Amino acid sequence: MEKNQDLLLDVKNLKVSFKIKRNKYINIVRGVDLKIGKGQIVGIVGESGSGKSVTSKSFLNINENSLITADRMQIEDIDLLKSKKESFW
1 MEKNQDLLLD VKNLKVSFKI KRNKYINIVR GVDLKIGKGQ IVGIVGESGS
51 GKSVTSKSFL NINENSLITA DRMQIEDIDL LKSKKESFW
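Going by full-length UniProt numbering, 24 is the number at position 24 of the sequence shown; the sequence numbering is gapless.
Everything labelled a hint here was simulated from the structure, so no lab data went into it.
Keep in mind the model is a prediction, meaning the values are calculated, not measured.
Quick reminder that beta carbons are idealized off the backbone N, C-alpha and C, glycines included.
Treat the hints with care, since some could be wrong.
Said to hold, decoys possible - Computed cross-link-like contacts, DSBU-like style, restricted to lysine-lysine with a CA-CA straight-line distance of at most 35 Å:
(1) Lys19 x Lys52
(2) Lys52 x Lys15
(3) Lys82 x Lys57
(4) Lys57 x Lys12
(5) Lys35 x Lys19
(6) Lys82 x Lys38
Stated by the list, open to error - Label-pair ranges, simulated between beta-carbon atoms:
(7) Gly37 x Asn13: 18 to 28 Å
(8) Asp6 x Leu60: 18 to 28 Å
(9) Lys19 x Gln40: 26 to 36 Å
(10) Ile62 x Asn27: 27 to 37 Å
(11) Ile44 x Ser83: 15 to 25 Å
(12) Lys38 x Ile62: 17 to 27 Å
(13) Gly49 x Asp77: 28 to 38 Å
All chains, please: the whole structure from these sequences, using the hints.
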């Protein structure tokens, strides 16, 4: 990808944790970096339970009881860390 405007999804240092008890979280996904350009086809592969679905769902903030953090997570010019889930639908 040569230009930033060709970038569809840009994720830097994604971390997803799930609440297991009051004020206690367990880390499920750590340190994911991903750049997807417009028109690219991408597959996320891994063993069962490796975090593929959790990672994908975090882009839309649809993991229940999760804490999602990242240095950067955006689709085109929309900052997903600041957007509310309802704005996607």
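Going down the list of hints, with the structure as the test:
1. Lys19 x Lys52: Roughly 18 Å separates the two Cα atoms, so the pair holds.
2. Lys52 x Lys15: This hinted pair holds, its Cα atoms lying about 13 Å apart.
3. Lys82 x Lys57: holds, 16 Å
4. Lys57 x Lys12: With Cα atoms ~16 Å apart, Lys57 and Lys12 stay inside 35 Å; holds.
5. Lys35 x Lys19: Holds, at about 28 Å.
6. Lys82 x Lys38: Answer holds: Lys82 to Lys38 is near 22 Å, not above 35 Å.
7. Gly37 x Asn13: 18 to 28 Å: Holds: the Cβ-Cβ distance is about 20 Å, inside 18 to 28 Å.
8. Asp6 x Leu60: 18 to 28 Å: holds, 22 Å
9. Lys19 x Gln40: 26 to 36 Å: holds, 34 Å
10. Ile62 x Asn27: 27 to 37 Å: violated, 19 Å
11. Ile44 x Ser83: 15 to 25 Å: Hint holds: Cβ distance 22 Å, inside 15 to 25 Å.
12. Lys38 x Ile62: 17 to 27 Å: Given range 17 to 27 Å: holds, Cβ gap about 23 Å.
13. Gly49 x Asp77: 28 to 38 Å: Given about 34 Å between the Cβ atoms, the range holds.
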